[in-house]
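Work the whole structure out from these sequences, hints included.
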Amino acid sequence: MAEEKNYKIIQPEDTEENKFLKPENYKREVTAPDGETFVVDPINDYFCDAKPQPHAPNTIKIVEKFLNWARSESIWVLGYGTGCGSIEIYPLMTPRFDAYRFGVQQRPTPRQSNLFIISGYLSVKTLKRAIRSYEQMPSPKYVMGLGSCTINGGMYWDSYNTINRLDQYMPVDVYVAGCMPRPEALLAGFMELKKRIKEGKGEGANEYAEKFDWYKANQKKVIKDWNMPDYNW
Amino acid sequence: MKDIIENIQTKFSISEVTKQRDNQYFISVEKKDAVQVVTYLKDIEKFSNFILLTAVDWIEKGQFQLTYLLSDPINKLDIGVRTFIERENATMDSAHHLWEHTATFQRELKEMFGIDFPGSPRVDEPFLLEGWDNIPPMRREFDTKKYSEETYFPRPGRTTNDPAEHMKKKLYPNEKK
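In the order they appear, the protein sequences are chains F and S. Just so you know, the first sequence maps onto residues 102 to 334 in my numbering. Just so you know, the second sequence maps onto residues 3 to 179 in my numbering.
Source of the hints: derived by calculation from the structure; they are not laboratory data. Among the hints, erroneous ones may be present.
Stated by the list, open to error - Derived DSS-like pairs: lysine-lysine, alpha-carbon spacing no greater than 25 Å straight-line:
#1 321/F - 147/S
#2 21/S - 34/S
#3 322/F - 148/S
#4 325/F - 147/S
#5 148/S - 325/F
#6 148/S - 226/F
#7 317/F - 229/F
#8 147/S - 226/F
#9 229/F - 147/S
#10 229/F - 148/S
#11 148/S - 317/F
#12 322/F - 123/F
#13 322/F - 147/S
#14 229/F - 312/F
#15 321/F - 148/S
Quantities reported herein were computed from a predicted structural model and do not represent experimental measurements.
Next comes the structure, spelled out in structure tokens:
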């Protein structure tokens with residue numbers, strides 16, 4: 102039996118802002134079980150529209166140092182491969198390379214992880230998904246750029262659809278150079294990242310919050326069909 | 003394979019036949035015949051497998067060349083059907099009624115070359131280039147390097163050396179150009 106719809110979709114106005122709006126994000130007039138009707142605007146109602154705020158470090162130095170040590174020893178990688186480099190991440194979890202001994206493990210969703218490995222070239226279509234995933238990750242969060250594609254575009258430096266520099270769109274903590282880097286290089290990258298976090302330099306999330314407008318402007322420059330909320334978590 | 007080509011020649015006007023191997027031929031047909039030839043090959047000559055549909059931009063001639071690549075997996079035969087279409091307002095008959103996945107190739111050609119396939123399912127939806135607002139990027143008049151430099155914040159410091167020039171400078175530093 103088909104379920105009866107309790108809402109009516111309101112066709113959006115034909116403006117520049119609504120050009121790329123997806124049908125599931127159209128405003129709709131919903132009738133509640135008690136007969137009351139109200140308008141739901143998914144883009145504005147289902148997502149928080151507050152800007153991210155920078156998180157001040159603990160004022161007691163030794164506590165902050167302890168926290169940084171704890172953060173560096175619990176790195177949870179988001180299992181999301183963007184390019185050819187994702188194939189180098191799988192062997193990390195095998196007995197040969199065994200990333201578990203460094204306290205590195207993978208999680209399936211952005212809300213459970215704090216390290217985002219951008220593994221290789223990033224097309225504009227993927228960048229959009231990568232930004233959404235990055236913003237959903239809880240702070241403190243770190244980004245590792247894997248391969249030369251994330252540094253200067255690599256072999257796709259003149260491509261019409263892949264970005265050249267990752268650090269224009271999200272704050273990057275560590276770059277691992279190579280095309281492609283071996284899993285050993287990735288392990289070295291993890292050690293470098295840990296060193297940075299212990300020194301208190303892993304402040305990517307704060308940097309993103311402070312320069313939020315600049316990052317957003319850069320992201321919107323390349324993602325021309327921006328049809329999602331500005332900040333979604 | 004030869005008798006298949008002869009069969010086609012009796013039914014359609016074929017401008018060119020290229021033999022690549024004993025079991026691989028390419029034939030060139032008129033635009034209006036192309037989908038008919040493909041249909042004939044599928045239904046009568048048992049070329050049941052559609053491998054790909056691709057385009058080449060012949061900007062000097064003002065034409066696109068489309069290639070339908072079909073194969074007969076039982077007898078291990080391959081055939082390519084080539085056709086030229088006009089570059090201005092490029093349109094081609096859709097072949098999605100023969101194989102469903104042809105629609106995906108046609109959608110990609112619409113996006114990358116701007117070749118329209120009226121009636122093909124979802125042909126106007128973006129495939130890889132979401133929100134693309136320039137000319138289709140695989141057309142040869144599109145300058146991909148210029149577009150990339152204007153759009154994607156190139157990292158400064160990249161230099162390239164022509165190997166011949168570099169060695170000339172290194173081996174014969176006093177010689178003028």
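query = Which numbered hints turn out to be false for this structure?
reply = none
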